[in-house]
Structure formats: structure tokens, C-alpha cells
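J.: So you can see what is in the structure, the chains are spelled out below.
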Amino acid sequence: MAPESVALWCALPLAAAVVLDSLELIAERRHLRDDGLFALPVLVTGRPRTLMRGPQAAPLRALFGYPTVLALPALQIVAAAVLAAAVAIRTPALEVAAGLGAIVIIVARGLLYLRNQFGLDGSNHMILAASTAIAVVLLVPDQGAQQIALYYLAGQLLLGYAASGIAKAFSPEWRSGSAIPEITSTISYGTPAVGAVLMRHRAVGLLLCWSVIAFECSAPLLLLAGTPGAVAIIAGGLAFHTGVAAIMGLNTFFWSFASAYPALLYLASQVDRLWQ
Amino acid sequence: MSFWTVAAAVGFGALFVISAAIQPIGWKTRRWVKDRDPCSYFPTWTFFAPNPAVADVRVLWREQLFDGAPGPWREIAAPRAGFLRAIWNPTKRARKVVFDCRGRLKGARESDRGELFMLSVSYLLILHHVIRLPASPLVAARQFVLVESQGADHKDGPIEVLFVSPWHDLSGASRELEPARSKVPELVGPAA
Numbered sequence: 000m001a002p003e004s005v006a007l008w009c010a011l012p013l014a015a016a017v018v019l020d021s022l023e024l025i026a027e028r029r030h031l032r033d034d035g036l037f038a039l040p041v042l043v044t045g046r047p048r049t050l051m052r053g054p055q056a057a058p059l060r061a062l063f064g065y066p067t068v069l070a071l072p073a074l075q076i077v078a079a080a081v082l083a084a085a086v087a088i089r090t091p092a093l094e095v096a097a098g099l100g101a102i103v104i105i106v107a108r109g110l111l112y113l114r115n116q117f118g119l120d121g122s123n124h125m126i127l128a129a130s131t132a133i134a135v136v137l138l139v140p141d142q143g144a145q146q147i148a149l150y151y152l153a154g155q156l157l158l159g160y161a162a163s164g165i166a167k168a169f170s171p172e173w174r175s176g177s178a179i180p181e182i183t184s185t186i187s188y189g190t191p192a193v194g195a196v197l198m199r200h201r202a203v204g205l206l207l208c209w210s211v212i213a214f215e216c217s218a219p220l221l222l223l224a225g226t227p228g229a230v231a232i233i234a235g236g237l238a239f240h241t242g243v244a245a246i247m248g249l250n251t252f253f254w255s256f257a258s259a260y261p262a263l264l265y266l267a268s269q270v271d272r273l274w275q
Numbered sequence: 000m001s002f003w004t005v006a007a008a009v010g011f012g013a014l015f016v017i018s019a020a021i022q023p024i025g026w027k028t029r030r031w032v033k034d035r036d037p038c039s040y041f042p043t044w045t046f047f048a049p050n051p052a053v054a055d056v057r058v059l060w061r062e063q064l065f066d067g068a069p070g071p072w073r074e075i076a077a078p079r080a081g082f083l084r085a086i087w088n089p090t091k092r093a094r095k096v097v098f099d100c101r102g103r104l105k106g107a108r109e110s111d112r113g114e115l116f117m118l119s120v121s122y123l124l125i126l127h128h129v130i131r132l133p134a135s136p137l138v139a140a141r142q143f144v145l146v147e148s149q150g151a152d153h154k155d156g157p158i159e160v161l162f163v164s165p166w167h168d169l170s171g172a173s174r175e176l177e178p179a180r181s182k183v184p185e186l187v188g189p190a191a
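Protein chains in written order, with numbering that gives the first Met the number 0: chain A, 0 to 275; chain B, 0 to 191.
Keep in mind that the hints were calculated from the coordinates and are not lab data. The beta-carbon is built from N, C-alpha and C at its ideal position, and this holds for glycine as well. There's no promise every hint is true.
Computed Cβ-Cβ distance ranges for the label pairs, DEER-style [stated by the list, open to error]:
(1) A/ALA57 with B/VAL9: 31 to 37 Å
(2) A/VAL196 with B/PRO71: 18 to 24 Å
(3) B/ARG35 with A/MET0: 35 to 41 Å
(4) B/PRO69 with A/ARG29: 24 to 30 Å
(5) B/ARG103 with A/ALA57: 25 to 31 Å
I would like the entire structure built from these sequences, with the hints used as guidance.
T.: Written out as C-alpha cells, the structure reads:
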């Protein structure tokens, strides 16, 4: 499959992640006001060099003020619509527009994160990584560069799984099997009814914790098996992120990580060639 | 090999190497890169490890009237459960701020400079929000507490008070509020 086609397959879940994340930010826009939890007058004190001094400070503060700042998630929704349109109607012009849309997403998100890094999670970072790779694939007319961009996206996915798997393997809470029952017992990141069941059945909690550790740590090794290994990673990842969304409420992880799966399959197809 | 291929190899290679170098938690490279990454481009993939969030962090606040009487405790950014969050969960950012605040508090206490916590942006974000909530003209001051709770609210799970803020004087701030934004009902007509 051509890198452009792979990038467009990546673009579909990315567009879903961007639209969902942006709509959620707009829905909670009260926190972007000067009396909200993300109040600009307080946030600028954490960025004195960028937002208080220098020629860029005044225009950035004007952009980050409420309600102007809502233009940033709104722009991303428009850019995500262009990405989705490029997937549905495959024309070279729309592919270029989708590449530019990916750049709009990177810039708008970069500005939002410059305003406020509080409340970010891994799904926000995966959106940036996927947008970067998709922009390069759709805008740079060089197959070598396009392939490297897709390898980068797949690499970030594997790095994400491996790093969090290794961190869990070093954690006493995860090794003992108490982490998932205790996380799911919270209201913020769990479902207390599910947590109560897991608290009563410690063996299930232990099995779940070690399943997550094994899945995350083994992801880079599974890739060595080529396409069958990538399919196993994707199946495990979809099950994992579905559970995380349903039980923990971290819904954008599903879409943002799914945006890297086509790139993983592409990388796996290159591994297949190595073994032939 | 074309120019674009070399440029992509160098650019993406650098991005990936930096991303990998900031994953180990104790390494100084993480802080160094994060301090120079204002747009938070580089990810740290920890995902509830090594220290998972095993309790809810809650922010409760109350106010004191000019006669000295304290009001009831109320909550901001209360956590919400339910399977609908799998599709729609807009409050998760506000919840994460509260968790981040707890992390800052823990870090300040571990470095034995707990008072610095009150200068952190996460503390100021919560304080600013609490102070700017609609107020009656009779309110003199407000304070908030960070509390850790475990389990569902209708169960008797353990509760631990992590931090109690001092009373913050509202004598200036409350008067800046426009009457229209106050949710205190106005008395109209003769009292019964």
C-alpha cells in the first residue's frame, strides 16, 4: 500500500480524536474564562518569558483570552473535517488540503498547550505525533521521507506501550495486582462498582495487571513477527483502550492510539520483507 | 538518497531519540527537555505508572461571612462516574488539574519546602477559581481543602485531608463581582 493511503487510514481515527477532544474543550469553555480553572491571568504567571515579556506576549495573550481562544479548537474541528473528506473523496488536491489540515491541528494544539499544559494526557501527545507524520506523508513528495514519517508514528506507538509497560513492571502496586482494582475503585478514573468486584476477587486483579504489563512490554518484540505480530498488538490495543474508555472514561486514547495502527501495519509489512 | 529522505531521517530520528530519552523517570534529561518544550510536543508515556491514582482527589471550599460564621463545604470539579464517559467526558481536564495539584503538593512536601506549594501555578489556579466563584456581599473570606477519598460517595470509604488552605480575604475580590453574576437570590417585597 502506498504511504499516502496508509496516512489517510491514520487520518480517519485522528479526525475522530481531534473532533472529540475539541468539542469536549468547547463544552467546558467556562474553565477557559478568567474565573475558570484554566484562567489566563494565572497561567501567564507560569510562562513569564513567553506570555509576559517580549513582542510576542501581547498578541499571544490576546489570542489566549476568552472567548478568542475558542477559535483554536474550532479551527481543529474544521481541519479534522478536511482530513475526513480527504479519506472519503480521494483526490490529490484534497490530500494536500488534508496535509495542511494536519499542520493546522499541530499549530492550534501547540498554541493551546502553550497556554495551558495542565490536564494533558498521553492521547494529546499521540494526536501531535500522528498529525506530524500525516502532514509529512501528504505534503512531501518523496517516498523515502513518507516511509520514515510512518515509521516514526509506529515507533511512537511502540515506545508509548513499552515505556508505560516497563514503568508498570517497576511498580509494586502493578506487580502485586492492586493497581487496577484500586484505580477502578476511584470515581475519577474508575467505576466503583467494577472496582468493588475486583477488590473482592484479587486473583482477577492480579491477572489484569500482569496482562497489561505483558501486553505493553511485549509490543515492540511482537513487531519482529511482522504482520501477524502487528495484528496481535492492534487486537490487544483495541481491547485495552476499549476497556480504558469504558471503565476509566479516558475516551480520546482509543481514537488517538488507533490513528497509529495503520502505520504499525505498514512498518510490519516492511519487517515481513526482511524475513523473506 | 534524496534531500527529503535525509531531512526526514534526521528530523524524525531526532524527535524519536529525544522522546525515548525522556521516558526514564529519574533522568535529568526529562526535566531539561520539558523545560525547553513550551508546547509540550514531547510525550512522557507513563499511563498510571509507576504510581497509579488509587484515590480521588477532591477540592472542597467554604466561605466565612463578615459575622465570622463559616458556611457549608461545597465541591468544585467533582468527579463523575458512568459508562457514558467512554463516549463523552469533557470534565476530565478539570479533574486532571486537581490531580496535578496533588502531585505538586506531594513534591513540595517531599522536598521539605511545603510552603512553596502555595506559589505553584496549580495551587493558584484552584485558589483563583474558588475566589472568583459568585459571592454574596456578606462573604468575607474563603478557604479550600484538598481531600483524598476512596470508593463511591455513598460508601464509607477512607477520607484523608491533604491540605487546608488559609482563609483568603475576599473583601476586595467579592466587590468586583457584578451583581448579575451573583447567584444569591435578591429579596423582593416585604418579608413574610
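J.: Does each hint fit the structure? Answer for all of them.
T.: Verification of the hints:
no.: 1; hint: A/ALA57 with B/VAL9: 31 to 37 Å; in the structure: holds (35 Å)
no.: 2; hint: A/VAL196 with B/PRO71: 18 to 24 Å; in the structure: violated (34 Å)
no.: 3; hint: B/ARG35 with A/MET0: 35 to 41 Å; in the structure: holds (37 Å)
no.: 4; hint: B/PRO69 with A/ARG29: 24 to 30 Å; in the structure: holds (26 Å)
no.: 5; hint: B/ARG103 with A/ALA57: 25 to 31 Å; in the structure: holds (29 Å)
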